[in-house]
Amino acid sequence: MRTGPTAPRPARAGKHGETRRAGVPRRTEPRAAAPAAPAASAAASALAAPAVLRVSTYNIHKGVLRDFLGLRRVPRIHELRSRLHELGSDLIFLQEVQGMHKRYARRFEQWPSEPQDVFLAHSPTLEKSFQTAYGRNASYLHGHHGNALLSRYPIVGLENRDISDHALEKRGLLHCTVRIDSVDVHCFVVHLGLLAGSRERQLGALIEWVSREVDAHAPLIIAGDFNDWRNQLSDRLCREIGVVEVFDAARPRAELMQRAAYFVRDVLPGIDVPAAARPRVPRMVRTARTFPALVPWFRMDRIYQRGFHVGNVRVLRGLEWARLSDHSPLVADLELIHPSV
Numbered sequence: 061m062r063t064g065p066t067a068p069r070p071a072r073a074g075k076h077g078e079t080r081r082a083g084v085p086r087r088t089e090p091r092a093a094a095p096a097a098p099a100a101s102a103a104a105s106a107l108a109a110p111a112v113l114r115v116s117t118y119n120i121h122k123g124v125l126r127d128f129l130g131l132r133r134v135p136r137i138h139e140l141r142s143r144l145h146e147l148g149s150d151l152i153f154l155q156e157v158q159g160m161h162k163r164y165a166r167r168f169e170q171w172p173s174e175p176q177d178v179f180l181a182h183s184p185t186l187e188k189s190f191q192t193a194y195g196r197n198a199s200y201l202h203g204h205h206g207n208a209l210l211s212r213y214p215i216v217g218l219e220n221r222d223i224s225d226h227a228l229e230k231r232g233l234l235h236c237t238v239r240i241d242s243v244d245v246h247c248f249v250v251h252l253g254l255l256a257g258s259r260e261r262q263l264g265a266l267i268e269w270v271s272r273e274v275d276a277h278a279p280l281i282i283a284g285d286f287n288d289w290r291n292q293l294s295d296r297l298c299r300e301i302g303v304v305e306v307f308d309a310a311r312p313r314a315e316l317m318q319r320a321a322y323f324v325r326d327v328l329p330g331i332d333v334p335a336a337a338r339p340r341v342p343r344m345v346r347t348a349r350t351f352p353a354l355v356p357w358f359r360m361d362r363i364y365q366r367g368f369h370v371g372n373v374r375v376l377r378g379l380e381w382a383r384l385s386d387h388s389p390l391v392a393d394l395e396l397i398h399p400s401v
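Start counting the sequence shown at 61; every next residue gets the next number (the numbering used here).
Among the hints, a few may not be true.
Unchecked claim - Listed next, with one range per pair, are the computed distances between beta-carbon atoms:
hint, residue 1, residue 2, range
1, Thr-185, Ile-397, 29 to 37 Å
2, Arg-296, His-138, 36 to 44 Å
3, Ala-265, Tyr-200, 33 to 41 Å
4, Glu-169, Arg-143, 15 to 23 Å
5, Ala-265, Phe-168, 32 to 40 Å
6, Ser-173, Tyr-200, 13 to 21 Å
Claimed, not checked - With a straight-line cut-off of 25 Å between C-alpha atoms, the simulated SDA-like cross-links for lysine to any residue are:
hint, residue 1, residue 2
7, Lys-188, Leu-254
8, Lys-188, Arg-136
9, Lys-162, Ser-199
10, Lys-230, His-246
11, Lys-230, Trp-289
12, Lys-188, Trp-171
13, Lys-188, Ser-142
14, Lys-230, Gln-292
Simulated from the structure, these hints should not be mistaken for laboratory data.
Ideal Cβ positions, reconstructed from N, Cα and C, are used throughout, including at glycine.
Full structure from sequences and hints, please.
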């Protein structure tokens, strides 16, 4: 795993609800905090200030994509960096990040000399940078890749866990604690397996980790590539740890409908209501279509949150994004709900 400071070179260590516009959404700026009373401490004033975060998740396909005819691989990492910095995101959850690839370094003249998370952390003008955290998932003779988090706020803790279900498909969960206005926000970068059984077990590992080690009232963001094209995991995740998917939350009355669904599923059986008398409840959680990027159809990528108000949500699509990766990125504006002081 690797983290980096805010200095220009981060240091290394060991179908529904989405807006169809392809451009970058307008930024909702944080509201200014009200002036504190003379007796109030600076810490209390900072705690009371709301923070609006722009959160993105993107499977970047290791920064390399085949050309239109599928005949040769073309590096896209430089253009990808420029587009990521245009988003104005505060937190970027990345999957398939290349930590090292010796063959690409020899083959492509413009291949970055540093790990991709470090390279992506610097804006092309070097005016801004992110802190970085990297969790290695898969290692091979010529390199390794994994998940990464880019953050404009301090990363004060991180842990990477191997959740691989078999030797042919290496997967991991990266947990970072990000400090925002004196509040610790728990961020999990997720990339689940291709097999349904693997995803179920890996989701169980994620739920157990969150339940054991993250306070039930702590702000939480879980984002990444779930490979859950049949949308079989959302309901369990939302029920067991109290998160809400951002595109589902953007639908009118989504939360009320979800609560009603859980009542029918979980409460009525407990009071001996006959199965025939219970209304049939459809799967309620609706997520965005992100794959393949050229014509998004499958619901692969997600942003789940707890402890935030959900603002604008977008799927970024169009040829300008389809030429960078096989997935479309998701963007959501989240307003942190601070605990009362």
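Comparing the hints with the structure gives:
1. Thr-185 with Ile-397: 29 to 37 Å: holds (34 Å)
2. Arg-296 with His-138: 36 to 44 Å: holds (39 Å)
3. Ala-265 with Tyr-200: 33 to 41 Å: The hint (33 to 41 Å, Cβ to Cβ) is violated, given that Ala-265 and Tyr-200 are roughly 23 Å apart.
4. Glu-169 with Arg-143: 15 to 23 Å: Roughly 21 Å apart at Cβ, these two residues keep to the hinted range, so it holds.
5. Ala-265 with Phe-168: 32 to 40 Å: Holds, since Ala-265 and Phe-168 (Cβ atoms, about 36 Å apart) stay within the stated range.
6. Ser-173 with Tyr-200: 13 to 21 Å: holds (20 Å)
7. Lys-188 with Leu-254: The hint is violated at about 36 Å.
8. Lys-188 with Arg-136: This hinted pair holds, its Cα atoms lying about 21 Å apart.
9. Lys-162 with Ser-199: holds (12 Å)
10. Lys-230 with His-246: Cα-Cα ~23 Å, so holds.
11. Lys-230 with Trp-289: holds (19 Å)
12. Lys-188 with Trp-171: Roughly 21 Å separates the two Cα atoms, so the pair holds.
13. Lys-188 with Ser-142: holds (12 Å)
14. Lys-230 with Gln-292: holds (21 Å)
Comparing the model with each earlier hint shows violations of hints 3 and 7; every other hint is respected.
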